[in-house]
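The lines below spell out each chain.
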Amino acid sequence: MKPSTAAKPYQRMPLAANLLLHVGFALISLACILPIVLIVAISLSNEKLLTLKGYKFWPDELDLSAYTYLFTNSTTLVKAYGVSLTVTCIGTVLAVLLIALYAYPLYRKDFPFKKLFNLYLLITMLFSGGLVPFYLLYINYLNLRDSLIALILPGLSNAFYIFITRTFFSQTVPEEMVESGKLDGASEWRIFFQLVLPISLPVLATIGLFTTLLYWNDWFNSLLFINDTDKFSLQYVMIQMIRQAEFFKNQLAGTGVALMVREAVPTESLRMAMVVVSIGPILFVYPFFQKYFTKGLTIGAIKG
Amino acid sequence: MNLSTIAEPTLGTASSPPKRSFVRLLRNVVRYRALLLMLLPTTVVFFINCYIPMFGVFIAFKNINYIDGILGSPWTGLDNFRFLFATSDAWRVTVNTIAYNAAFICSGLVLSVAVAIAVNEVRAKLASRFYQTVMIMPNFLSMVVVSYIVYAFLHPEYGFLVKYVLPLFGHSSVNAYMHAEAWPYILWLTKMWHSVGIGSVIYLAAITGISEELYEAAVVDGAGKLQQIVRITIPLLAPVMVILTILNLGGIFRSDFGLFYHVTLDSGALRSTTDVIDTYVYRGLIQLNDLGMSSAANFYQSVVGFFLVIGANALARRIDRDTALF
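If you read the protein sequences in the order shown, they are chains A and B. Taken in order, the first sequence gives residues 108 to 411; the numbers are from my numbering. Taken in order, the second sequence gives residues -16 to 309; the numbers are from my numbering.
To be clear, the hints were calculated from the coordinates, so they are not data collected in a lab. For every residue, glycine included, the Cβ atom is placed at its ideal position computed from N, Cα and C. Worth double-checking, as some hints may not be accurate.
Sample of chain A residues at the chain B side, in silico, Cβ under 10 Å [claimed, not checked]:
| # | residue |
| --- | --- |
| 1 | Gly131 |
| 2 | Lys163 |
| 3 | Leu201 |
| 4 | Leu228 |
| 5 | Tyr242 |
| 6 | Tyr245 |
| 7 | Leu308 |
| 8 | Met345 |
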């Protein structure tokens, strides 16, 4: 983030130290990537060889059958993808809109209720009623069992993102702009939608990426509220798959049924293919956003 | 994050005559109705998701049955708590929760700061960006995916560690999901893998905010790299470290549910070392349907958490008034 690229005197380092630094980071990077590589390798492996030789980082024989099976035979996967996509799209759009709508008045210096609504958010960051009342409220009073609303609504209350967005506004949106908008007779809504939002796109993109991940990766709300198999999200199907296999193995270990059941439950490579399919979009999209959001976090978090 | 900006000071204490201030309030409401309307949807959502449950903690003092409903169920005083603390569970989950979180907070702090300082020393822009990208990546995987990754290493028959690494040390066919004693290490490693990269982002941001002149002056005075780090970088990072740590301490009674529930595959044999308050409450609520016990544990967690936050804030205020949250 420093302006010039030429090393200043204080930045200079002995060659050996520099080398050591890079070797260290290369190792750390490997440690971060290799576990993911292992999953991909298993998903591409031949099922028989897997049971013979175990999980390896390099498949002995490239075999795409797990993927072809997944995409041709699995209605569960297609449905789950649909649920995850629906929830993620609706959730992200709603969340970003609501966050921006709440952050804007907090940014306005002339808004007399600023402190009150700040406090209202701050309290939710610090204190929590815990799982049980939350669960009972959703199930017994709002009747949200097996409703996609139960997967969307919990993600709409994120105080931290609102504070980041507000800080962004005060960094990037000049107050004079809002003032001149008002002098020209524009309504508050028009100022917000036509003046403030367009120049805040970087913020919205950052928050959008975060909420997309939040919804895409959410399993907790499915775990609590969803019983209907048609409404299982991708993450929840994965939970089911890993548990089922373990359950059968533990129950039937040593009995003659074991082998038969093992053939029936999702196979090793298939399960890992499912994981790869679920993280695919993230790994694909993330590097493009990385620059954006490191910068985003930096401005939003530090400059206050 | 600059927390003093999150925390606005307490509400104004204007003490003009009540009637005039009421008129002024009304006028402000009318004048700013558009802004208030913008705040409305999120205000409602927060009320549902956060505020109603906060008041709902009192169900711990009731004997809930579904015929009378939650509000109509009879009060039972401390019965639920008596049951909870009569078992050894309460003690076990409390110790586990605090021990894991303490370990995560300490090592997370040290490793994140170390990584941030080291990344900042990488001069090649492209390499630096690559390292950051890769290190943050694990944080974007859900705990379910992480549980598959751990499983790929520890699978009792095919796992990479079990099949290829442990035999080198003379162990064969180990089912890690039956060995409770190994899990503090496994979970620690998993958590660090998942969170150190993203944790270092904030410190890195703070480091890039440090004025270059300080370092230039230090070089003139003959300070080496190590001295620059120890005498300039770390002291200037200290406020951020302190406030983040205090915040984390406030949350020491809550844990990363996914880590303890999915990564362990909720294996019963591992409970003694992996059961934390959150998994305990969840199991009581969903799997055992024991509302009394889980609501008591829930209340215990929320109330202790409340005092921890208050205490942590008081501590922050004592160290530096500006870093306190309220």
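* To do: Grab the minimum C-beta distance from Leu228 (chain A) to chain B and call the hint holds if it beats 10 Å, violated otherwise.
  => Because about 7 Å separates Leu228 (chain A) from the closest Cβ in chain B, which is inside the 10 Å limit, the hint holds.
* Should the interface hint for Tyr245 (chain A) be scored as holding, given a Cβ-Cβ cut-off of 10 Å against chain B? -> holds (9 Å)
* Holds or violated: is the Cβ of Tyr242 (chain A) closer than 10 Å to a Cβ in chain B? -> holds (6 Å)
* Asked: Does the CB of Leu201 (chain A) sit less than 10 Å away from some CB of chain B?
  -> Cβ of Leu201 (chain A) sits 9 Å from chain B, so the hint holds.
* Return the status of the interface hint for Lys163 (chain A): holds when the least beta-carbon distance to chain B is below 10 Å, violated otherwise. => holds (7 Å)
* Asked: Regarding the hint that Gly131 (chain A) lies at the interface with chain B, is the smallest CB-CB distance below 10 Å?
  -> holds (7 Å)
* To do: Go through the hint on Leu308 (chain A) and say holds or violated, using the shortest Cβ distance to chain B against 10 Å.
  => Violated: closest Cβ of chain B sits about 19 Å from Leu308 (chain A), beyond 10 Å.
* Does Met345 (chain A) meet its interface restraint, that is, does its C-beta lie within less than 10 Å of any C-beta in chain B? -> holds (5 Å)
Hint violations for this structure: number 7 only, all remaining hints satisfied.
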